[in-house]
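This is what each chain is made of:
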Amino acid sequence: MNTYYAANLLIYAGVDIIAVLALNLQFGVSGIVNFSFIVFQAAGAYAAAVLSMPPHTAAEYSFQVYVGGYQLPFPIPWIGGALAGALLAIPVGLVVLRKLRSDYQAIALLVTSIIANTVINNARPFLNGAAGLALIPQPLQDQVDTYGDSYLYLYIGLTAVCVGLVWFLAARIVNSPYGRTLRAMREHELAATALGKNPVALKMTMFIVGGAIAGLSGAILVGFLTVWAPSTWLYPETIILFAALIVGGRGNNLGAILGALLVPVGFEEVTRLLIRMNIGPPNLIPALEWVAIGLFILGFLWFRPEGVRPEPRRVFEGSPDVEVVDRVRTA
Amino acid sequence: MLVAEDVHRHFEGMHAVDGVSLEVPRGQITGLIGPNGAGKSTFMAVVAGTLPASSGTILFEGEDITRLPTYRRARRGLVRTFQLPSEFARLTVLENLLVAAPQNRGDSLFGALMGKRFWIKDEERLVTEARGLLKRFGMSAKESDYAGLMSGGQKRLIEIMRALMLHPRCLLLDEPMSGVHPRVIEQIQHYLQSLRADGLTILMVEHELHLVEQLCDSVFVMAQGKLIGSGTMASLRRQREIVDAYLVG
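Line by line, the protein sequences give chains H and E. The first sequence: position 327 = 327 (this note's numbering), numbered continuously. The second sequence: position 77 = 77 (this note's numbering), numbered continuously.
If you're looking for bench data, these hints aren't it; they were derived computationally from the structure. Treat the hints with care, since some could be wrong.
Covered stretches of chain E (chain H as the covering partner; in silico rule of three or more C-beta atoms under 8 Å from a C-beta of chain H) [what the hints assert, rightly or not]:
| id | region |
| --- | --- |
| 1 | 89-95 |
| 2 | 115-124 |
| 3 | 137-151 |
From chain H, some residues computed to sit far from chain E (all C-beta separations above 10 Å) [stated by the list, open to error]:
| id | residue |
| --- | --- |
| 4 | Tyr4 |
| 5 | Tyr61 |
| 6 | Asn121 |
| 7 | Pro125 |
| 8 | Val265 |
| 9 | Gly280 |
| 10 | Phe316 |
Backbone N, C-alpha and C fix where the C-beta goes; we use that ideal spot for every residue, glycine too.
One chain only, chain E, in its complex shape (with noise of 0.2 Å):
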């Protein structure tokens, strides 16, 4: 589904991403994993396009999308999440939802010039989607409040629920439960294992590993901006190099 094909990011003379290549397989949770300046981040900045790769070849569904900006790669479903909160402050809850979805009439300068009549219709199906996945993740009493003045967890489910509305076919979640209380932790990985029964493709940046064991299908481990690793937890765990590195403990 997703392929990063020997990809580097250099920063004037420090290579980040050093000659990464990992398959994302369709339908499943991958995992990345890495000690802090790892370059597990930016791997996933060049892989959405946030950050241009220095060289290297990224394919999405067989076609090369290297050379294309953020905006067009999230258009074809390939979408992704921030390791800092990304809500859209002074947005409602709600608002943060409809804002991603796509094939809205009145989101062009012309729809909204040809006034709501126009649009109405689009607005009410996607109001009524987005108040679906609020209900799904337990928020719907928080849709007219605010995302700025929600906690770290929701913001968390803001953001997946926002990247759940583009309809994507991969997500690229970085450290989605970083800061977050262990109870949304639990509704969060609960979350993400029904979106793979549904057969959404997942790559997932996480420093709890037990999550990771849990969640994920498959592992890669990332050290020094090089790909060290690969393969379930409980087979990552046997390679004396890797726990080295990184699995100590």
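Isolated chain H, as found in the complex (with noise of 0.2 Å):
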């Protein structure tokens, strides 16, 4: 296994777990069914861009159109992808989470995830439109060589740091008195708001730090790549990261993290090393990937809804003995 690989797999790793780790606080501890979350992550990953990269119209840059250009020093690209995701989760949440039902809202933010993706697509003076975005510098690019395995292990270092951040901050707000009215918000939001929680102020809440925590993710993704199209955050990727909080445990940090590994990253080892064994007809193997997504989320809905580390039950210090009680199986 070479540098490269390792580094490729530990950062796509650390993106992985910050995205679900934010899709575990809306949708798992809150409830809120984030169809859209990819486009959270790609605002962050085109916020970044812009922001690091010269303007357009600089020579090396001219094969490409795009708004901004502002050349920007580490980390204040990072700090704006996640600001990037926290205000577009604004204007989302405003017109989503507010009147609708949230089966509606998932459908909502379903279409929103292709109407967004359409627009980039097709309106290319914005962000350059179906090529997308390259020469996307990388952080610190100007201070250190990237070309060395020093550099991997720079980034792999700054994904940590981030992963880090982000798991502390899940973490105190899975772990509070606010983790578990939004918890309750989940299980019954009418009954939750007949006890004075005021539901759409804890959805949009939510909604933004996992929005935030999303733009992030995606920024740290870009600055690795160097290059970012519509074509990298279709809906589909959400439905990944769904199907690696539920295999993972929905609710539970720790679950999430184990999600993300088994899932997003795990099946695209798996994948690789299939099509390297050249099993069947070229294009088999990856359409093969999405049926065994597929049958993965369907399989632990069906036998294990609460996914391999389930949300624990919080017992407080000096309850009297219980008898162990089963989990509460829903699907």
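Both chains are given apart, each in its own frame, so use the hints to dock them into the complex.
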């Protein structure tokens, strides 16, 4: 296993862990079925790109057109990516989360994802359309050599710091009384409202927090890939993240991490190995990957809906001895 | 304490609540009875804010709350329970109570991010309070069990305890005895009486007339969306049109 391959694997794992932790806050804990999650990752990636790239009139960049081009130093593009995700969440959340019932919210968010991708694909002057952006500067590329292994280690380190930060924030939210209120809203929104909780405010907050984290994950990814195009954030990418969370365990941060390692990272690597083994026609394995992911989701929803690491039961200090209760199984 | 003035609620031409005016006196248990489809639960939902009124006014403690959303009414002390069990299934019984508790510094994004040290004192105080309620309602042994695994009667008790954690000034109970074992009904009845003794105001929809008779200081009768009578159960039984409409037998 060469260093680049290992670094690639670790950075993808970090990005996926960050993304699934954000989705856990939204879907696992708060019950928001955000089928447009990938749009917020894409917003962060595009924001980080145009914040770090020079204007498209610059000699080397004149083959593409895009707005912005500010050449801002690291870490501003990553912060900008997170901000872009958060800012985008405000109008989308206000339209979708205020009036609609949760099942219609899911449909509206899926449609939003498709519309956003189609618009960016076709509006070339905005972010270079279907061809996407290329030659996106890497973090600190003016200060360090980006071609050596040491840069890969640096990038892994930066990603790990972000994973740690997101994990810390997510853990504080999930394990607090606020996290308990979010879980109550997920279980029975009307009852939570009747107890003085404002569901729109709660959902909007988690939509924005999740949007910021998704944006950060996009910024990290684009800084590593140096390219970004609409084909990289089609709506099925969101389904993979949902699969990761369902498999890992909704409502459990550890489950989210486990799911991120098992589904997006694990599946991709297994697929890569199978392709190398030349099994069947050239496109058979990638096509079967989607079938396998679909079956994986269905299998878990049917046989183990709580995932590999279920949401823990919170037992308070001083609790009388309790008999072990069965898990509440919900499909 | 709680006043409804000419409250209407229409659903696409159907008058579920049709000009209901009533007053719930402070510190009493007031019953709301009527046949199925009379509009009782709809009226309760309108009072609690879970359904907006088509027209009319609702006053709580002298203030007009007609346009206030449900959560704001709850924060003012007007708290409802539901006709169907509405427990937070994958939260433990104790957590169900803690969710309702106001004034926990950890119950905001800022508080959560500040960490446990910021809110642990509030949490400990509220756990003690919730355990006091669990003890009073005989459910201490169940505190760490998932609420979704409780029996129908226990879920009713959880709902009532949860509402009490909010320190309500007026409790709206929608069929609190429905689907509950007779022994638990006796318990709930006993608790409601003790809550009244504590000075809590209660408006209660209930189908079991003998319970209404035992519990309620005064009773309103609804039929086809309208209020058709009020008084004590004994006096209502003497009014022929009410007996014909509802109190048959």
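The hints, checked one at a time:
{"no.": "1", "hint": "89-95", "verdict": "holds (count 6)"}
{"no.": "2", "hint": "115-124", "verdict": "holds (count 5)"}
{"no.": "3", "hint": "137-151", "verdict": "holds (count 9)"}
{"no.": "4", "hint": "Tyr4", "verdict": "37 Å, holds"}
{"no.": "5", "hint": "Tyr61", "verdict": "39 Å, holds"}
{"no.": "6", "hint": "Asn121", "verdict": "35 Å, holds"}
{"no.": "7", "hint": "Pro125", "verdict": "38 Å, holds"}
{"no.": "8", "hint": "Val265", "verdict": "28 Å, holds"}
{"no.": "9", "hint": "Gly280", "verdict": "43 Å, holds"}
{"no.": "10", "hint": "Phe316", "verdict": "6 Å, violated"}
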